[in-house]
Amino acid sequence: MKVLVINAGSSSLKYQLIDMDAAAVLAKGLCERIGIYGSNLQHKNLVKTISVKVEQQMNDHADAIRMVVNALINPDHGVIASMDEIGAVGHRVVHGGEYFADSFIIDGKVKEALKKCIPLAPLHNPPNITGIEACEKIMPGIPQVAVFDTAFHQTMPPEAYMYALPYGLYEKYKIRKYGFHGTSHKYVAGEAAKMLGRPLEELKLITCHLGNGSSVAAVKYGKCVDTSMGFTPLDGVVMGTRSGSMDPAVVTFLMESEHMNPTEMNTFMNKKCGVLGVSGVSSDFRDLTTAAQDGNEHAQLALDMFYYSVKKYIGAYAAVMGGVDAVVFTAGVGENDAPARARIIEGLEFMGIKADPEKNAKRGVQIDVSTEDAAVKTLVIPTNEELMIALDTKRLVEG
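When we follow our numbering, the leftmost residue of the sequence shown carries the number 36, and every step to the right adds one.
One or more hints might be untrue.
[Stated by the list, open to error] Derived CB-CB ranges, DEER-like:
#, residue 1, residue 2, range
1, Met300, Ile140, 37 to 43 Å
2, Lys88, Ala199, 49 to 55 Å
3, Leu336, Lys229, 17 to 23 Å
4, Glu206, Lys394, 46 to 52 Å
5, Gln77, Gly143, 29 to 35 Å
6, Ala199, Ser86, 51 to 57 Å
7, Tyr198, Gly382, 50 to 56 Å
8, Thr267, Gly73, 44 to 50 Å
9, Asp322, Lys397, 18 to 24 Å
10, Lys258, Met295, 18 to 24 Å
11, Met295, Ala59, 47 to 53 Å
These are calculated hints, taken from the structure and not from any lab test.
Quick reminder that beta carbons are idealized off the backbone N, C-alpha and C, glycines included.
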């Protein structure tokens with residue numbers, strides 16, 4: 036089966052075509068500036084190592100999907116003979132609320148539930164829904180599957196996901212911790228079990244998805260029991276431009292002191308804080324590392340705050356689960372920043388976490404970087420959210 040994976044944004048659309056039988060990505064690409072002047076499609080044929088850029092106006096996501104299909108079946112740079120070779124389409128959907136604890140084949144009821152989740156993710160779910168409807172229009176009869184960022188975390192117990200607000204507000208607005216990056220956490224947890232040679236259902240794992248957006252999850256016996264992101268992706272560890280956890284009173288204090296309305300405050304916390312706000316340099320951890328090496332104290336402080344916040348969650352989640360078998364690092368920083376990994380686990384030797392400096396120097400490869408005598412393994416596993424979406428899609432369509 037060939038699965039087309041779609042990740043639709045408000046004005047963009049990423050895609051991959053994956054041959055599940057051969058376990059190979061055949062093609063991938065990006066549609067940019069949908070509905071905006073200067074639309075273009077960047078397409079890569081990974082079989083023939085061909086890259087093309089098609090500049091053509093895309094008025095909506097349906098136009099974008101048409102261009103994607105045309106690129107895939109193009110006799111020069113395509114990878115399939117016709118659209119009939121696509122067995123299913125898997126869609127990344129940011130928020131499934133409390134409706135979805137797993138991926139689902141999309142039908143009318145699923146789409147209605149997605150629309151009910153729009154207030155929880157007003158910037159993400161509408162374009163996700165638009166991408167689904169565009170695929171249904173262009174590829175009628177081909178099964179569509181929704182894979183949710185929030186689904187993996189729906190196994191959290193109430194004491195982990197509830198906030199200490201009047202219970203009626205939870206009932207009225209569904210204010211609770213949802214968690215995000217679930218597809219990534221689920222994928223690397225499964226890969227960690229393979230690396231350790233043990234069933235996932237026997238393991239206690241702490242998975243650290245660290246990039247510009249970061250989250251940590253406690254995965255006990257294959258199920259998420261807690262995660263750092265909350266009602267929105269703003270909560271948890273210090274991130275590239277997001278503040279992470281802080282005293283809620285800071286919000287009202289700044290709104291009054293800086294004369295910000297709710298929209299301005301939300302933008303401020305999501306776009307102007309985090310390591311960018313502390314350093315005044317960049318939200319890119321590579322830029323911060325360079326600046327810190329050049330003596331920029333604010334850049335070093337921003338990095339130290341990030342390391343500390345991740346370390347704190349590792350300790351907390353080991354306590355929540357009553358121990359840990361492995362700590363897993365993934366995503367851009369987690370996979371590639373060896374000094375960051377070393378700093379995060381520094382001082383955790385008392386927990387049995389010890390990394391070999393030579394092994395830890397590796398970048399972007401799947402590897403156990405633990406010392407031989409480490410009681411708790413430290414694993415680096417490149418994430419593959421697209422493959423996880425394709426695997427879920429295949430499982431549901433064939434099952």
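Practice problem: Determine whether the Cβ-Cβ distance between Ala199 and Ser86 falls within the hinted range of 51 to 57 Å. | Solution: Roughly 52 Å apart at Cβ, these two residues keep to the hinted range, so it holds.
Exercise. Could you see if the CB distance from Met300 to Ile140 stays within 37 to 43 Å?
Key: Given about 39 Å between the Cβ atoms, the range holds.
Quiz item: Falls inside 18 to 24 Å, the C-beta gap from Asp322 to Lys397?
Solution: For Lys397 against Asp322, whose Cβ atoms are near 22 Å apart, the range 18 to 24 Å holds.
Practice problem: Can you let me know if the beta-carbon spacing of Tyr198 and Gly382 is within 50 to 56 Å? | Solution: This hint is violated: roughly 30 Å between Cβ atoms.
Practice problem: Starting from the range 46 to 52 Å, see whether the pair Glu206 and Lys394 falls in it by beta-carbon distance. | Solution: Given range 46 to 52 Å: holds, Cβ gap about 50 Å.
Practice problem: Could you say whether the range 47 to 53 Å given as a hint is met by the Cβ separation of Met295 and Ala59? | Solution: 49 Å, holds
Quiz item: Do Lys88 and Ala199 keep their Cβ atoms within the hinted range of 49 to 55 Å?
Solution: At 52 Å between Cβs, range holds.
Quiz item: Do the beta carbons of Lys258 and Met295 sit within 18 to 24 Å of each other?
Solution: Cβ of Lys258 to Cβ of Met295: about 39 Å, so the range 18 to 24 Å is violated.
Exercise. May I ask you to test the hint 44 to 50 Å on the CB atoms belonging to Thr267 and Gly73?
Key: This hint is violated: roughly 31 Å between Cβ atoms.
Quiz item: In this structure, is the beta-carbon distance linking Gln77 and Gly143 contained in 29 to 35 Å?
Solution: 34 Å, holds
Quiz item: In this structure, is the beta-carbon distance linking Leu336 and Lys229 contained in 17 to 23 Å?
Solution: 38 Å, violated
The structure fails to meet hints 3, 7, 8 and 10 from the earlier list, while all remaining hints are met.
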